[in-house]
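Student: From first to last, the protein sequence lines are chains F and P.
For the first sequence, my numbering begins at 2 and goes up steadily by one.
For the second sequence, my numbering begins at 2 and goes up steadily by one.
If you are wondering where the hints come from, they were derived from the structure by calculation, not from laboratory data.
C-beta: ideal position from N, C-alpha, C; glycine also.
Some clues are possibly wrong.
[Said to hold, decoys possible] Listed next, the in silico EDC-like pairs over lysine to aspartate or glutamate satisfying Cα-Cα at most 16 Å (straight line): (1) F:81 <-> P:108; (2) F:74 <-> F:14; (3) F:106 <-> P:78; (4) F:74 <-> F:64; (5) P:106 <-> F:85; (6) F:81 <-> P:111; (7) P:5 <-> P:64; (8) F:74 <-> P:111; (9) F:5 <-> F:64; (10) P:74 <-> F:111; (11) F:87 <-> P:99; (12) P:75 <-> P:14; (13) P:75 <-> F:108.
[To be verified] Here are some chain P residues pointing at chain F (derived, C-beta under 8 Å): (14) 18; (15) 19; (16) 79; (17) 82; (18) 85; (19) 86; (20) 89; (21) 90; (22) 93; (23) 94; (24) 97; (25) 103; (26) 106; (27) 110.
2 protein chains.
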Amino acid sequence: MLEKTMRVNALYDFYQQLLTSKQQQYMDLYYLNDFSLGEIAEEFHVSRQAVYDNLKRTESMLESFEENLGLYKKYQERLKLLADLKSAVRTHFGESHDILNIIYKLENLD
Amino acid sequence: MLEKTMRVNALYDFYQQLLTSKQQQYMDLYYLNDFSLGEIAEEFHVSRQAVYDNLKRTESMLESFEENLGLYKKYQERLKLLADLKSAVRTHFGESHDILNIIYKLENLD
Numbered sequence: 002m003l004e005k006t007m008r009v010n011a012l013y014d015f016y017q018q019l020l021t022s023k024q025q026q027y028m029d030l031y032y033l034n035d036f037s038l039g040e041i042a043e044e045f046h047v048s049r050q051a052v053y054d055n056l057k058r059t060e061s062m063l064e065s066f067e068e069n070l071g072l073y074k075k076y077q078e079r080l081k082l083l084a085d086l087k088s089a090v091r092t093h094f095g096e097s098h099d100i101l102n103i104i105y106k107l108e109n110l111d
Numbered sequence: 002m003l004e005k006t007m008r009v010n011a012l013y014d015f016y017q018q019l020l021t022s023k024q025q026q027y028m029d030l031y032y033l034n035d036f037s038l039g040e041i042a043e044e045f046h047v048s049r050q051a052v053y054d055n056l057k058r059t060e061s062m063l064e065s066f067e068e069n070l071g072l073y074k075k076y077q078e079r080l081k082l083l084a085d086l087k088s089a090v091r092t093h094f095g096e097s098h099d100i101l102n103i104i105y106k107l108e109n110l111d
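Sequences are here, hints too, so could you generate the full structure?
Tutor: Below, the structure written as structure tokens:
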């Protein structure tokens, strides 16, 4: 997957609840179900250009949410720290299951 | 501080970047600088009712952001897990500074 597409997908994971249901439908079809612009246009009885504009506007909203809230960036920083933490726990103390279990819970919070 | 006020303050911490600058100004004056509705109204040359309506609408937007993104709830869950983690590390291994340092970094990410 192209890097840009991966980023849009990641941002969509974090911010989809802030989009309208129409925006979510287009994004789901285009990015998750691999529909073409033309196929989405047909499905919704609108022009291909209208679908394109809607998707572009959604992408720019996702980037703006990220600029303001930084959830994806913080998520990446948190994953990195949790990896460091697991590694430090294992190095010093071997497999300490209760501690590692808490770390797994932290990893699954996002 | 009243529980409701504490909650509004906490949600404001997480979502203020999604509000308009006018909303942020009213919230800052009312919640952080303890201005009265009348004082804010005077400052902005609007009615007391207009300030009240704006603040109520902002509070309901903050609750809606929280309903959709749940950042405050996740933050509280994360803090609780990090407290459990520190306690487990200390119980099993005493003061392990490199591990505790990573935990402190995680606590300060939000």
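Student: Look at each hint and say if it fits the structure.
Tutor: Status of each hint after checking the structure:
no.	hint	in the structure
1	F:81 <-> P:108	14 Å, holds
2	F:74 <-> F:14	13 Å, holds
3	F:106 <-> P:78	10 Å, holds
4	F:74 <-> F:64	12 Å, holds
5	P:106 <-> F:85	11 Å, holds
6	F:81 <-> P:111	15 Å, holds
7	P:5 <-> P:64	12 Å, holds
8	F:74 <-> P:111	11 Å, holds
9	F:5 <-> F:64	12 Å, holds
10	P:74 <-> F:111	11 Å, holds
11	F:87 <-> P:99	12 Å, holds
12	P:75 <-> P:14	14 Å, holds
13	P:75 <-> F:108	12 Å, holds
14	18	4 Å, holds
15	19	6 Å, holds
16	79	6 Å, holds
17	82	5 Å, holds
18	85	5 Å, holds
19	86	5 Å, holds
20	89	5 Å, holds
21	90	6 Å, holds
22	93	6 Å, holds
23	94	6 Å, holds
24	97	6 Å, holds
25	103	5 Å, holds
26	106	6 Å, holds
27	110	6 Å, holds
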